[in-house]
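Novice: Now that you have both chains on their own, put them together as the hints suggest.
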Amino acid sequence: MDSIDRLLSRRTLLRGSLALGASAFWVRGAFADELSRTPSLTEGPFYPPKLPLDTDNDLLIINDNIMPAIGEVTHLSGRVLSQSGEPLRNAVVEIWQCDGNGVYIAQEDADGRDSNFQGFGRFLTGSSGEYYFRTIKPVPYPGRTPHIHVKVKKGDRELLTTQFFINGYSQNQRDGIFLGIRDPLDRELVLVDFKPIQESKIGELSARMNIVIGRTPEDSPDRPRRPRGDR
Amino acid sequence: MRHTFTILVLSVVLGGLPTVSTAQEPRDRGDDGTPATPPAKDNAAAVDAIVARLMAFDKNKDGKLTREEVVDERLLRLFDLADANKDGVVTKEELIVVAKKIVAGDVPNGGRRRGFGPPGGPGGFGPGGPGGFGGPPRPGQILPPFLQEELSLTADQKKQVALLQKEVDEKLDKLLTEQQRQQLKEMRQGFGRGPGGGPGGPPGRRRRGPDGPPGEERPSDRGPGGPPPDSGAP
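So the protein lines, in turn, are chains A and B.
Plus 3 on top of the position in the first sequence (first one is 1) and you've got our numbering.
Plus 8 on top of the position in the second sequence (first one is 1) and you've got our numbering.
So that you can see chain B by itself, here it is in the shape it has in the complex (with noise of 0.2 Å):
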């Protein structure tokens, strides 16, 4: 039971491991192809418009929002999100919270760390990109210290997650190679750099095992220097 759950819980992880299939337009990188990193006002920016185009609800304008001024159902996700009280009431405070989060990639639909906007592509290649402002959990990472939070865990509980991560760590050492292991390496230290980290992951790195077994194809696999994966993609 026990190691059932451990390969679950591995599966998962590794599910989350970045694919190669990141192609990104042309001009979100840099001129020597390494992806830009955005300067801290264009974050700035990207929140004052998430702010912005959300206390547009305020009716009332008494600077809260409440679920019944939240007009677009599709929103309200978002709103319960930033409802950190849940007292069915968003104050601009609470949504600056959410909106950090988003603009750091640290809810689900956040993309890359970088915010949005052309400075801020996504510029994943390989390990997709530096980390910079919180981010993804990195690979192998079985609850990000954000979630943590959200979910209120105990110290009890945060210190058997620790736990749990070092066997998790330790089980998924030991099933890679030597290389794959030094990639998984340089994709960690990529992630969790703090504002303007550099390149983050190795450049050009395009694929996992690049001398996996011969003929094995992978649904990803795009062959060397095929087009971008996602262009006109279905």
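Next up, chain A with everything else stripped away, as it sits in the complex (with noise of 0.2 Å):
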């Protein structure tokens, strides 16, 4: 790995996030539902139909020496928590954006498509509860404002489907997905600060979110169930 690789690497962003996180986060279970759930947000249809031959955390596909116009490198990670402040293990988080040409992997037939993007990750969460993701910051899909789409699941149970937005960008007033969620303060959950991070020589960018799961019964009949398998 050379020296950014290292200093970047995912054991230091945890151990730095920890620290963060461990603030807030000094007694399990101590909060009582003072968490607000994070809002649920449509799938959208481009979902993955069959998972890509890789589909580790990291978004990018790169080779070495070679760093492409792939997009804005972002460093996007988080805990999984539940309303009362304890974290979720063993939590599949996944995530799909399109890539710098406005492309998802799931429009296969599109034009453009950046073949350095792999569209779509997955991470498992450990006792922290902590994901990580390197992928890019978010562009503007046609009609919509730049997200990322979210999915949490556990076992075979999907806890939460949703979208991360860029704070600030103004394009979010005009999204109606984003207006959809009515709440000003609900829509702070899903408003996501993308900081550049100053030890890196090429911009690469920071996204810290925490994803908070309501309770759900642990059988509940109601939860949409994807069948067992390769998802």
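For the record, the hints were derived by calculation from the structure and aren't laboratory data.
Derived DSSO-like pairs (lysine-lysine); straight-line CA-CA distance at most 30 Å:
# : chain 1 : residue 1 : chain 2 : residue 2
1 : B       : 109       : B       : 166
2 : B       : 109       : A       : 198
3 : A       : 198       : B       : 166
The model shown is predicted, which means the values in this text are computed figures rather than measured ones.
Specialist: Here it is as structure tokens:
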């Protein structure tokens, strides 16, 4: 690994973000539902019907020594928590978004798809509930403000489907899906700051957003389930 | 260099112009399709709701919030915004100030100047609805007044911003066609009206430059009378 990789290694970032997270979380389950649930938003039509070959948490497919203009590289992380602040372990967090040209991997016949962008990623949380992805800062898609799709599952149950937005991006205020979140405080929960990483020589960004999952009965018959298998 | 700067500023403010893709749920509009204006009491209720939700973090019930009390990290950004004197403590008064700004749409996530709730729906077509309570910057506005306050601009700086604004306005006027200038003027009149302002921009104007070059495809074009751009969109 070159020095940037070492600096920005997952471990370093995890350590840093755990330190941040620790101050807000000092007694397990002490919050008694103080954390608001992350609002649910539509899945949209581009959840990949077939998983790409690569389903790790790194959405960039970059050959050594080549740094193509894939987009603004972003390290996205956060913790998956219950409303009482307990971390959710063994939860699968998935993200998907269009590439720098506005094309989703699910759009198989589309021209101009960036082959250096995996477009879909997956991460299994550990005991801290932390998740982490390397991706790009989202770009506008025709008719939509920039966003990253997010899904959280546990076992074969889907716990949440939502979208993250860029805080301060003016097009948010003209996006029907974003504005569908009526409560301004709830909007805060999906608005993400993309901040430059000081040490990065290639302009990488860091983005952090916790995901709070509402309480659900363990075996709710109403929960959407996906068949077991390669999903 | 100066020229480049002006172009940059222009592209930033033009980038802020509303685009066509603002389809909202039909129920947010009055019967004649114009966006409903929220009564003042809905906004007051909205402010109260925001304040109540944040003050719920006030563990020791002393009427103030400390950073430590706000255990939801995601709300710390709002906390910092509310903490006007940066002393790590947010009083209920500071909270009310910020809540009002949010409801008025004066902070990035604020959506429309309508607060929230069914009568206050976003209802944006064309220029994005009437001004009302301050609201987002009008098209072409470099640094809206509330931002100048946030940044504590000196009187001299404010004067220079005003001069810059004049320059931007003049250059913008020069590069637009007469029709575009007229449309922009109508949009501007739609902003910054007092509470209970009228329907704002020209109704039914869903696109910029309808007489633009034929066959020009812009990414946000959906064709006349097409389906609302955001229903089921990815």
